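In the order they appear, the protein sequences are chains A and B.
For the first sequence, the residue numbers in the numbering used here are 1 to 312.
For the second sequence, the residue numbers in the numbering used here are 1001 to 1301.
Each hint should be verified, as a subset may be incorrect.
[Unchecked claim] The calculated EDC-like cross-link candidates involving lysine to aspartate or glutamate, where the alpha carbons are at most 20 Å apart (straight line), are: (1) LYS27/A - GLU1128/B; (2) LYS1090/B - GLU1246/B; (3) LYS231/A - GLU1292/B; (4) LYS216/A - GLU1292/B; (5) LYS21/A - GLU1246/B; (6) LYS1160/B - GLU281/A; (7) LYS145/A - GLU1063/B; (8) LYS88/A - ASP262/A; (9) LYS27/A - ASP1083/B; (10) LYS22/A - GLU1128/B; (11) LYS1090/B - GLU1292/B.
[Said to hold, decoys possible] To give an idea of the chain B side of the interface with chain A (calculated C-beta under 8 Å), a few residues: (12) ILE1050; (13) ILE1116; (14) ALA1117; (15) PHE1145; (16) TYR1148; (17) LEU1181; (18) THR1211; (19) ASN1212; (20) ALA1238; (21) MET1294.
In short, the hints are calculated from the structure, not lab data.
These numbers come from a predicted model, not from an experiment.
Idealized CB from N, CA, C, for every residue including glycine.
One letter stands for each residue in the lines below.
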Amino acid sequence: MKEMLTKYFKLKRHNISVGWKKAKLSKMCYLFLLPYAVLFAMFFVYPVVASIYFSFTYYNILEAPRFLGLNNYISLILEDDIFLIGVKNTFMIAIITGPLGYILSFLFAWLINELPRMIRSVAVVIFYAPSLAGTCYTIFSIFFKGDQYGYVNAFLIEWGIVEQPILFFINPTYMLPICMIVIIWMSMGTGFLSFVAGLQGVDPAQLEAGCIDGVKNRWQELWYITLPSMKPMLIFGAVMTITSSFNVCDVTMALCGYPSTDYAARTIVTHLFDYGTSRFEMGYACAIATLLFLIMIVCNKAIQSLIRRVGT
Amino acid sequence: MSKDKKKKEAVVKEYHKPLIRRRKPNRSVGGDIAMYVFLAAVAFVMAFPIVFAVANALKPLDELFKNPPRILALHPTLNNFSDLFVTMGKSWVTFTRYLFNTIFITAVGTIGHLLIASMGAFVLAKYEFPGSRGFFKLVTTAIMFTGYVTQIPNYILLSKLGWIDTYWAVIIPAFASPMGLFLMKQFMEGLPMSLVEAAKIDGANEWKVFTNIVMPNVKPAWMTLIIFSVQGLWNNRASNVIFSEEKKTLPFAMQQIQGGGIARTGQGAAVLVVLMIVPIALFVFSETQILETMASSGMKD
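With these hints in hand, go ahead and build the complete structure from the sequences.
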């Protein structure tokens, strides 16, 4: 046993010294990486660590952080009803718009890929434009406006479906569905681009080989040839989709207001804003941020391992 | 003679026939037609809000409130845009200042990000050194969560550095965007290592290799980094890190105009168009390069 341990430590020490020598040899590489690494550590690694630390404290920026243990998490999960509404809404939105947006981006990327070259590039612009257009989604607040200028209301009344205008952004029953429509409209994002590019990279020779080997139609071709050869892009697209679907706040805040009626359009991120930027309870806000971080990472890892199984 | 020719023609025809008739394998005509119809319908739905937003900006005020609404303007004018400039010209901080702020933030943030991320990506893609794999894994993990998670400690850090209420509070964090490094590194992996080695044998040092060999060869990836960075910075309201009116960004000023009520409806519509036209125009011009880069965007593990 002792021998094993000494051997193990000897090996470790050897590895470290070899690593150190290698590191010395590649000084140049470290110099190149240094500016990025410093900034990355400052604005991505440190904040995550700090946020986990602050989440165990009461911190309001003015006073020094006071250690609270798990109290923030306990009151978040057991006492904060509004947070639970936020979690419910976020998950509702993520579970509906996430997979739907992902499948639709792939479907449209796949169909667009069949088009002739010129039409294809126009189509990519049309489908990608909504997520490029920044705040353009506020145009939906004109369509769904609650007063006499709202077009949807105007049509509904004209066709005799409703008697009074529906207050789409004030009535809690309509808030989330409309936000979901807008989010799906905007869901052809970076992942979609990655799919389009990946589909163009599928080897035509493989498709022909498949044809000779008895692939009958485009659906079989999709399942047996295209999908397996696009796995890396599928994972990338999934990461993009998951991240953005748990990130919902811009659309709900712009359309339903902040805070929204009965907190019906509250999401985890808007709750984070509430405590972080309005009430300055940084410790509590950091607890929310940490939970959000964990949810995102766990979801990402789970979905990635799922996608690796596609077509194998 | 003529018989021979005919035979030859027949042979040629036989040879060409499948080539001409060949469509993509496994495609039925019916399926293709259905696909075109479906895509056209969806494209119409996708484009409608944007077309409507642009048309709205061109409508004179009386047409904006017409019911039933017209999609396209009857008498298109640019009045909304000129009104926008008049309103903003009269404000305490002039329009040009807001515009300068946003352009400055976008330009510096994008250029710095491109340079710093490419430097990092170059060594990560082309060399193997202790810690390189681990660092890249960390960067890919950073893509999996969003800025909101890190927002609060970031604010505290920026305030400790004294950067709150300066442009740097927006610009410097934008340098470190993990997405740029990820895409750049993936794209640079496609570059043959022999290119780098040849340059080194010819006596170029690492910096020369980077600026003269690697960077010119990854121009498609430049455009991609630029578009993602511009997309993030151009629409950045920066309202939680910049508080002085003279340093505020264009989107922030625009939002105030949009909040101006019914009288400002026309100008509000013009604001939407001004804000979305820049990223869309950039994308239209660089689409092929971006798709070329995205082809290597896959995540293997």
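These are the hints, each one checked on the structure:
1. LYS27/A - GLU1128/B: holds, 12 Å
2. LYS1090/B - GLU1246/B: At roughly 14 Å apart (the allowed maximum being 20 Å), GLU1246/B and LYS1090/B satisfy the hint.
3. LYS231/A - GLU1292/B: holds, 17 Å
4. LYS216/A - GLU1292/B: Status violated; Cα separation ~30 Å.
5. LYS21/A - GLU1246/B: violated, 52 Å
6. LYS1160/B - GLU281/A: holds, 18 Å
7. LYS145/A - GLU1063/B: holds, 17 Å
8. LYS88/A - ASP262/A: Satisfied, since the Cα-Cα distance of roughly 14 Å is no more than 20 Å.
9. LYS27/A - ASP1083/B: violated, 58 Å
10. LYS22/A - GLU1128/B: holds, 9 Å
11. LYS1090/B - GLU1292/B: This hinted pair is violated, its Cα atoms lying about 45 Å apart.
12. ILE1050: holds, 6 Å
13. ILE1116: Nearest chain A Cβ about 5 Å off; hint holds.
14. ALA1117: Constraint on ALA1117/B satisfied, holds at 6 Å.
15. PHE1145: holds, 5 Å
16. TYR1148: For TYR1148/B, the interface hint holds, since the closest Cβ of chain A sits about 5 Å away, which is under 8 Å.
17. LEU1181: Result: holds, 6 Å to nearest chain A Cβ.
18. THR1211: violated, 12 Å
19. ASN1212: Violated: closest Cβ of chain A sits about 15 Å from ASN1212/B, beyond 8 Å.
20. ALA1238: violated, 13 Å
21. MET1294: Holds. Min distance 4 Å.
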